[in-house]
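Participant: Reconstruct the complex from the two isolated chains, following the hints.
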Amino acid sequence: MASPVSVYNSNALDAHIASTPRESLKMELLADVSLLPGEERIIDKDIIYMCHFNGAVKGKVLITNYRLYFKSSDADVTVMLDVPLGAISRVEKMGGASSRGENSYGLDITCKDMRNLKFALKQEGHSRRDIFDLLFRHAFPLSHGLPLFAYVTQEKYAENGWNIYKPVEEFRRQGLPNNKWRITFINKSYDLCDTYPTVLAVPFKSKEEDLRRVAAFRSKGRIPVLSWIHRENQAVIVRCSQPLVGMSGKRNRDDERYLDLIREANDTTKLTIYDARPSVNAVANKATGGGYEGDEYQNAELIFLDIQNIHVMRESLKKLKDIVYPNVEESHWLSSLESTHWLEHVKLVLSGAIQVADKVSSGNSVVVHCSDGWDRTAQLTSLAMLMLDSHYRTLRGFQGLIEKEWISFGHKFASRIGHGDKNHADQDRSPIFVQFIDCVWQMTKQFPTAFEFNEHLLLTILDHLYSCRFGTFLYNCESARDQHEVRSKTVSLWSLVNSKMDIYLNPFYTPESGRVLYPVASMRHLELWVTYYIRWNPRIRQQQQSPVEQRYKELLALRDEYLKKLEQLQLSDSSTSSRLANSPTPNTSSNTSPSQQYTHLHTPF
Amino acid sequence: MEFSEHIKTANVEDVVLRQPLHPPSRGTLCITGHHLLFSDREEGSSRQVLLLLRNIDAIEKRMSGSSGTITIKCKDLRVLQLDIPGMEQCLNIAHSIETLSCLDCVSEMYPFFYRPADLSLQDQWGLSTPEKHYSQMKELCERWRLSSVNRDYSVCPSYPSAVIVPNSIDDSTLKKVAKFRQGGRFPVLCYYHKKNGMVIMRSSQPLMGANRKRCKEDELLLQAVIDGSDKGYIIDTRSSQQAQQARMTGGGFESKSCYSHWKRLHRQMDRGKALQESLIKLVEACGDESNNMDRWLSKLENSKWLSHVQTALSTAGLLAECVERDGHSVLVHGSEGTDSSLLISTLAQLIMDPCCRTLDGFLALLEREWLQAGHPFQQRCARSAYSHARLQQESPVFLLLLDCVWQLWRQFPLALGFSEALLIRLATEVYASDYGTFLCNSDQERCAMGIKDKTHCLFQALLRPGERDFYSNPLYEPTELAIWPSVHPQSLQLWRGFFLRWTQQARHLEEAQEEIRNMLIEWGKLALS
Chain A
1 MASPVSVYNS
11 NALDAHIAST
21 PRESLKMELL
31 ADVSLLPGEE
41 RIIDKDIIYM
51 CHFNGAVKGK
61 VLITNYRLYF
71 KSSDADVTVM
81 LDVPLGAISR
91 VEKMGGASSR
101 GENSYGLDIT
111 CKDMRNLKFA
121 LKQEGHSRRD
131 IFDLLFRHAF
141 PLSHGLPLFA
151 YVTQEKYAEN
161 GWNIYKPVEE
171 FRRQGLPNNK
181 WRITFINKSY
191 DLCDTYPTVL
201 AVPFKSKEED
211 LRRVAAFRSK
221 GRIPVLSWIH
231 RENQAVIVRC
241 SQPLVGMSGK
251 RNRDDERYLD
261 LIREANDTTK
271 LTIYDARPSV
281 NAVANKATGG
291 GYEGDEYQNA
301 ELIFLDIQNI
311 HVMRESLKKL
321 KDIVYPNVEE
331 SHWLSSLEST
341 HWLEHVKLVL
351 SGAIQVADKV
361 SSGNSVVVHC
371 SDGWDRTAQL
381 TSLAMLMLDS
391 HYRTLRGFQG
401 LIEKEWISFG
411 HKFASRIGHG
421 DKNHADQDRS
431 PIFVQFIDCV
441 WQMTKQFPTA
451 FEFNEHLLLT
461 ILDHLYSCRF
471 GTFLYNCESA
481 RDQHEVRSKT
491 VSLWSLVNSK
501 MDIYLNPFYT
511 PESGRVLYPV
521 ASMRHLELWV
531 TYYIRWNPRI
541 RQQQQSPVEQ
551 RYKELLALRD
561 EYLKKLEQLQ
571 LSDSSTSSRL
581 ANSPTPNTSS
591 NTSPSQQYTH
601 LHTPF
Chain B
1001 MEFSEHIKTA
1011 NVEDVVLRQP
1021 LHPPSRGTLC
1031 ITGHHLLFSD
1041 REEGSSRQVL
1051 LLLRNIDAIE
1061 KRMSGSSGTI
1071 TIKCKDLRVL
1081 QLDIPGMEQC
1091 LNIAHSIETL
1101 SCLDCVSEMY
1111 PFFYRPADLS
1121 LQDQWGLSTP
1131 EKHYSQMKEL
1141 CERWRLSSVN
1151 RDYSVCPSYP
1161 SAVIVPNSID
1171 DSTLKKVAKF
1181 RQGGRFPVLC
1191 YYHKKNGMVI
1201 MRSSQPLMGA
1211 NRKRCKEDEL
1221 LLQAVIDGSD
1231 KGYIIDTRSS
1241 QQAQQARMTG
1251 GGFESKSCYS
1261 HWKRLHRQMD
1271 RGKALQESLI
1281 KLVEACGDES
1291 NNMDRWLSKL
1301 ENSKWLSHVQ
1311 TALSTAGLLA
1321 ECVERDGHSV
1331 LVHGSEGTDS
1341 SLLISTLAQL
1351 IMDPCCRTLD
1361 GFLALLEREW
1371 LQAGHPFQQR
1381 CARSAYSHAR
1391 LQQESPVFLL
1401 LLDCVWQLWR
1411 QFPLALGFSE
1421 ALLIRLATEV
1431 YASDYGTFLC
1441 NSDQERCAMG
1451 IKDKTHCLFQ
1461 ALLRPGERDF
1471 YSNPLYEPTE
1481 LAIWPSVHPQ
1491 SLQLWRGFFL
1501 RWTQQARHLE
1511 EAQEEIRNML
1521 IEWGKLALS
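Protein chains in written order, with the numbering used here: chain A, 1 to 605; chain B, 1001 to 1529.
With the rest of the complex left out, here is chain B (with noise of 0.2 Å):
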């Protein structure tokens, strides 16, 4: 294999590993091609540690005499120190690390490797298709038809091959509206509210430019969005002045002039390198061991991580309460419509949608608005927090969600069918994997690389018996009614379970929850029998 070149030294005796919540331990070190494994050689133990070298986001080494440290910092925010002897051998196994860690090929990622018995490349890949969930949605055939204008991938590349459009849309039209859409991303329904029929579409910015150009067949399928009832919103996720600047670089706006029987609110969402900054502030916060009198509220306020929690919640539970109190359509948009119209609008079905708040509907719901709608996945998540690297498209917009989720779960404990611990896992599972759910920026290039022939499904391996009751909620108790989270900074909390993971007290508490999902297995087992 090729990896071979970047590995002068596979194995290194007596090695010391420090790492969090275990005593220092000495054994050996060994590199592969995707690995980094420690085995522990005390007398009576034969515990093994096995990192995946893509989970590393920076390494720092520094040596002493003969011998050299090597500390790795993790994607999942775990901070391992391995004392190494022989300045040479520290040496070869940092390069090591540093170049495998970050190998930009696809096709040489772990997951193509990874085969685990109990696995088949045959079974069922994914949890749905376009159309599937179209066909399981009666209601929508009336008025709404799936489209596969995109069969080939060319109307939109970061869309998948069929979406869900206006039953009086052609096809041609739908190209047309591609053109004048960033990207191509045109409307697209998303989310259908049974209880009033009103639905969720997302989209990109329009082209407007500067000259305020029209598109004839994009306010055509507004309206026939809308269809007879006298309104709908559209919630831009920018400022309207960021709205108003994007016609500079060729985007915009629905003006109210073309766009009459639609209402804009803009509710500012900072995305980018604005929240990857501040995940690497709050993490630096989180990581500072000086702790007395730190002023750490001070220091969590500055990393303006919970403002971010909070604007979305916000912003969702807006885009809610159009479409569920007001009883409007809503179309939501940003610029590229990749980042936060996805967030928002899958915050926003977990608020109103049972179905989305199960365990397997939370992932469905996830593979429909985050994979199939193309966020870029790869882009966005190639660093983390610890990375020195210049920055290019990192963003973690699906922590973000994940975070807002928690503290969905937090404030409805009943609510939702999935524990904290699925999503301590998906948040884990997006930087660094086995499987081949997260990698590529969308269904075309996923295509393209053959995941679903030749990597194994996280969503599927997480539904499996043992696995389905670890990620389940114990507590859960199904309801119909929308569940509206409260987004005073008073109700937000830090999601120590994630961002503290690494603490003895993350720990207890784990083992807490634990002990309360056994003592309900076992009392409903006996009220059964």
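Here chain A stands alone, though its shape is the one from the complex (with noise of 0.2 Å):
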């Protein structure tokens, strides 16, 4: 548990560095990799990682259609990385043949998720041209006319992730269809919306051709329609893209009229339109076409949630990465972090889903958009399902919420990440995905009883949105997706996940159906993801997290070992009724399932 190095500055004292006994022979080093089915030696080579941390380490590389290996070979510092191809954005040559200076002439690495690699070879005998050339085909594979390594691969999983999400399941689950809400087909060749998905919940007094009039009217087709109803007021979220109302100020009867559908459904006076925008960019759209709903909307009004566009998000997240990553600002981090402004968006964010979530659960529709509806508007609908409903809290009810609101509903994963593709400055390019599980993060801290997973599944969504080894975040909408047999020739990942599941299990979570969560959603109550933002740094790295995921893992077995007594107890109970009476456990009634008792007995605490 001892830090690696002396972290108190003290001049007076050595600087002690973890040594490890020299049994790992070279030739050996790269030996206990285990690789993954399909997985195929590209090349391997001596080389020298410059650290960031350690400084300069010889060791060896092994590169594969899946990832970057390094092993030390010094026998002094263990030092390893493991770093799937699809995490890398940007393979630079570093130094020429004539660079003066040690390990100047080498690799320079850039990865898509907040670090940087580089490694020194020999200057003679243009000893990086083939590793370069190599790496940056496959790190690379769409540039260079090669399969994403999902379609290479063949793992093998007891669970088949594609299985955790059906839309016509998912409306049943909330009650749909219902009188007032009807389940419509007429996406199912993508003609409608070539960016959203077959299986679309509309007003159930809308026609056919009114959708198709109203899609005439909304940037890219993304008509309104239901993300999530409210079973006892009948609330509802509906998402949808920017109305075009452009300079003329255009309107369109059957979008206003559509509206009013949805406002009538559960019979109140207002429907509220969130706009995510602020509103000097939602009047900017309209030279574009775009625009806002204006008065013409009776019975509606429109709040504009001062979220900014992907472009500025990306450049925050810039900034965060300049000030943690190799080195971490030090004398005036907080003033810093400030002027990153990543927070400042988390908070927008998250207090933009509050909205939405308190609009509906007092009674009141809205209407979600931004400009395409595919961003700003999939973080709004998405986190305020979260606060709404406890189904999404559970392990599979959250995979079931990616899959709906981000991946089903065109986040343009494809573009936002750039999966494959060399054009590291992409202007599409922008973590908003990113920025959602950082507020579902704040979330888990807010509420650490609430959440059925823990942080540790967040990390893995993260690391495979990177990684290209599963299907689930490749292309950018589900017409893509069946062009290119998704679900039939790559493994999702929650294939992997529900495999494996303890390990993602939040052993206090205590289910509670009924209950909205409202974070808060003040500076003073958001934090930096340490453990996401700066992990790669091993001297802020807290270091007893695997005890912590021991201890974890203790307290589940604890907890299954308690669900069984209760479950033995209340057998004994049914079976023999005339004890119950002076029976000194308080589940007394022996008609309700454990999980239920399980919560019964904590609530008077």
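Simulated from the structure, these hints should not be mistaken for lab results. Do not take every clue at face value.
[Unchecked claim] Pair by pair, the computed Cβ-Cβ distance ranges are:
| # | chain 1 | residue 1 | chain 2 | residue 2 | range |
| --- | --- | --- | --- | --- | --- |
| 1 | B | R1295 | A | V516 | 27 to 37 Å |
| 2 | A | D82 | B | Q1393 | 53 to 63 Å |
| 3 | B | R1295 | A | N299 | 46 to 56 Å |
Backbone N, C-alpha and C define an ideal beta-carbon position, used for all residues, glycine too.
Facilitator: And the structure:
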């Protein structure tokens, strides 16, 4: 547990570096990599890893069609790197054949996950040419006519994660269809809207031709459709893209009538439209044919949520990276953090979602959109649903939420992440999904017993957002996924997760079905997610992580035992009902399920 | 009672109380010698609010027409508001609060009147004594002895009556050393590291003065500390420049030429006024209600509170490194040796010694290193962050300690046997308490006041069965290893549980922690049965 280096800047004391016995011979260095099915060695090489924290480390690098793996050969310092090629955004040559200075010739690799890697090679004989070319080819397979690794590997898991989300079943879980809302397959061949899923829920009274006319007035045909309905008050969350109002202030009666149908569905006097953008941006969008709902929408109010666009978010995270990698800002940390505005953006997204959730839980239906309705809109609807519906706070429910609001509704993962694409400066890239996961993490911090999953799940999701090992986050929308046969040719990330669930579970989870979670979205209560954004810095990493995980596992075992005993008690209770009267245990009713018993036991505290 | 002369109006009806986390309520306000009592008269509820007047840091009164409003700002950072009908009544109440909340006479304070039914004054007071502490560590007796040179507190008024010193140094030498150290605080042992026999000593600065006085006995004592090993470290909690300057006022440092086997390391730690001002700025930033885009992080940074936390933890880390990793004994002091020295010796012991990390062990550590070692609680904690009074000796050193311990607790959630609730409770009790524990400035004063006979002991109360559960960490798993805190600013957090404790969110987290505690207790019971 002792930290590897002297961290208290005592110049009087020697730095201690954890040492390991010299038993691993150089040739065996790469023996302990366990390759995935379909993973193949491309090249390996002696190389020097220019570690930002430990200095130059000699070792061997292995590049496969999936990963870059490095292990030090130095007996004194064990340094290991295992980076999926999908996490690489940029590979560059560093120095030239005539560069002077030690270790000035080599490769400079920028990753999508908040780190950079530098390797030095011998200057003579163009020693980096082959490795550079091969790495460049395999890190960006789509730019070189190669398949993504997800199509190459044939991993087998006990569970098939592609079954986690079925739109019709999810609607049925919400109580749909009903007499106000119907399920339509109008988009079954993606001709109404090519970035929407095939199954949509729309107002019962709307006709198919209405939908087509509304689609003509909404950017990219992304018409208002139902995401979630409140079981008791029937208020709904509806999502869409901006109306095509344009400079001339066009109106569309069908669109106006359609929104009024949404309002009517639960008999409230006003429909609230949340436009995620700052109002100036919404106005500016008129110049390019877009805009927002004006006064012609009677019975509707429009509220701007002031959330910035993908470019602002990208630059903000870039600034954050500048102050945490490779060196963390020391002397003015908090004001530097403030100047990145990252937490401020997180705050605005969260507080927007809180407004949506609050409106819905008080019985008013809402429509949420931004410009295209696939970035900020997805953040807002999914976070609001997470606050409103405890189902999404379970391990499987959360997977369904991501499948539904992000993947099926066409968050442009391929463009935002740039899977397999060499064009690192693409203006379409943006960490919108990372920001969403950050918001979820903030919520789990504020409500430590409300989520069935733990931080490890969030980290795993973000790692595989880039890795290209699973098909889950590939492509921009369902139509593209169908075209590339993602479901039949690749494995789902949820197969991995659900085949080994226990490591993703929060032992302190207490299911509470009715509760709406309102996180506090004040700057005072938000934290930087250090264990994600600064996880590559060994000096910052919290030194006790693994004991905590170990303890979590023990606790889960204890919890299982507890539930089992409760079940036994229940059985014996129901068989010998005479004992019930003076039973010391509080579970006196015998027709409830063990999990209900379990919550019931804890409510008195 | 003489309190009555300060109470012109004892009861007011129809007062509206506004307090955090509760809706406003209407009821009767009552003032007694030590308390402000509010009884809710709303239909169907009989809630009462009992506030120690000592807890009140500042009040503001505002008159409008025939009624007035008193805003009460407490040392536990709570802000209450009372709407009182009748101008005269309001002024009377305000006057009573102002006078009674800052009475100086110790024997009139509430702990001398607090007599709960379930505690007896005959109960044991405190957890340990220097004698007991010494006798518990058998390894000590070979080279260390318990000296009662200070039995009548004449050698050092701020030390306890018994202290641990090297075997080879007799009492008459100690008396001479005491004359060479500010306030008589000669070097004494405060921690013995069992793994390697190294020790932490603490003292005040040597009185070397402008003409570089020496004291043979002082040099002898320190030589006896390292006894044969090659060298020791002195951690001076001032910058070397400050240490040099201290010579002008009679103080100084251990010079290389006179203490050749000791190596001095200077680590500047802010103290006194600087700390108090930092706390004031922090609390002001936390209480600022103008929420939006309010440059919160800059304000937090400008308060410098977290950099004080960082300095304290990293200096303590350095101290622990010297002892545990490098295997050297260390002497710690600043100038008086009653504030930062105690802060870092306490933290270093938590880092190194698993015995200090249990609930009992931690309280005993506080008793040894703060109460017996003479941290002047009464002076330091007379006022807190809201007070407008001119600062005298106030300084939140103990609060800083609790914050640092919380950072450890957060970084090592399994390694400490006590809960965050304990730290919050201590942070409250140190400013205003029913118990006598934090009264006075030293052991000597406490003896003179008869604290141990006339008041109840907080630490004993915290260890009663029901309380013990509440203040224990349900996830605790003892580890023998040292817990090295990360001191990067990215690893340190604002202690929201204390500084933002009167917000809804802090309440949520408390509830969740309570839920987790109960869960673990239930599971544990069933696993055993």
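Participant: Each hint: holds or not?
Facilitator: The hints, checked one at a time:
| no. | hint | result |
| --- | --- | --- |
| 1 | B/R1295 with A/V516: 27 to 37 Å | 31 Å, holds |
| 2 | A/D82 with B/Q1393: 53 to 63 Å | 57 Å, holds |
| 3 | B/R1295 with A/N299: 46 to 56 Å | 40 Å, violated |
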